[in-house]
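Asks: Each chain, letter by letter, is given below.
There are 2 protein chains.
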Amino acid sequence: MKKRALGPQGLLYPTPVLLVGTYGPDGKANIMTAAWGGICCSRPPCIYVSLRPATLTHGSIVAGGCYTVSIPPEGLIREADYAGLASGRDVDKFQELGLTAVRGTRVNAPFVEECPVVLECRLVQKVELGSHTQFVGEVVEALADEDVLDANGLPDEHLTRPTVSIPATRHYYGLGECLGDCFSIGRRAES
Amino acid sequence: MKKRALGPQGLLYPTPVLLVGTYGPDGKANIMTAAWGGICCSRPPCIYVSLRPATLTHGSIVAGGCYTVSIPPEGLIREADYAGLASGRDVDKFQELGLTAVRGTRVNAPFVEECPVVLECRLVQKVELGSHTQFVGEVVEALADEDVLDANGLPDEHLTRPTVSIPATRHYYGLGECLGDCFSIGRRAES
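Sequence order for the protein chains is A and B. Residue numbering for the first sequence follows the working numbering, starting at 139 and increasing by one per position. Residue numbering for the second sequence follows the working numbering, starting at 139 and increasing by one per position.
These are calculated hints, taken from the structure and not from any lab test. Take these hints with a grain of salt, some might be off.
Intra- or inter-copy, both count: the list cannot distinguish identical chains.
[Said to hold, decoys possible] Once the Cα atoms are required to be at most 25 Å apart in a straight line, the calculated SDA-like pairs of lysine to any residue come out as:
1) Lys140 / Val262
2) Lys264 / Asp285
3) Lys264 / Val278
4) Lys140 / Thr243
Values in this document were obtained by computation on a predicted structure and should not be read as measured data.
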């Protein structure tokens, strides 16, 4: 199949759907949705979110040096979308969405109680890339609802029901069919 | 629901499944699979992959200053898994997997012809985080198969059929049900 050049576009997909929690300058709990986020180191465990400087959350992370990431289940996808549309400067998003803000156990940032898995992060690197600042955070604590843990004590995706987005076409999806086990199904993939 | 503290674990999910292409020191085309990857800036468009220094690809990116990211469809998930298990030091993964290496149009790194979408990246930042180095690349060209483009000229996920992984439980998934449109379904999410 012939490939067409589309120009310089960051067409990487799928991206996770993440709710970034911080306290604002007035001390009020705030969340915003980020799709520019992921894992960037295993030891120490580091993740990142990339945010525009114009956002309230950007200033809050710079000021506070920490943030949380709450991972919304499918059932909160409308709330997650709203949290990416509205600004904490204009509205109390927790209140508007009927969500519960809980202070982190290890960092001074709030998480979303209704999300089954939460990561508490201490800012360790701030990388300026252009339109976005990348905030690399070391995960100092992971929290999960007791009832989503599997036999190994890890969050079971059948219970946490995470979502992804396709940025280019602007669609959200849940998980589909399980395609197999990582570090396993490829052992006989040689042609 | 009471939350349990799981300790410092990078339990962010889902993660994309990406094939990172480089030429090795012997000039041979190589790929490796990365789940630590994502979008980190919109303008200029930047993505990243995080790799362990022990990998052949790590050295190739440092030496060459560029890499490609090919996004495998569901039908290549076994090949993608294999490319994360084997080392280019031991085997020619393109040959083993029956895949076709094509030199990038803008960077000196190979991509996987059988993948419908490819990003060509110039290394712009190298962030040392511990076990992994984060390689931030500016996307200088995006390529896509003609037959996966939608009416807007963007890759249609119903045709590209991307995959994700859940790192903690080590499962691959395809996309499931479409949950709605980004920047849209939340407009009436207020409680």
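Asks: Could you work out which earlier hints the structure fails to respect and list their numbers in ascending sequence?
Replies: 1, 2
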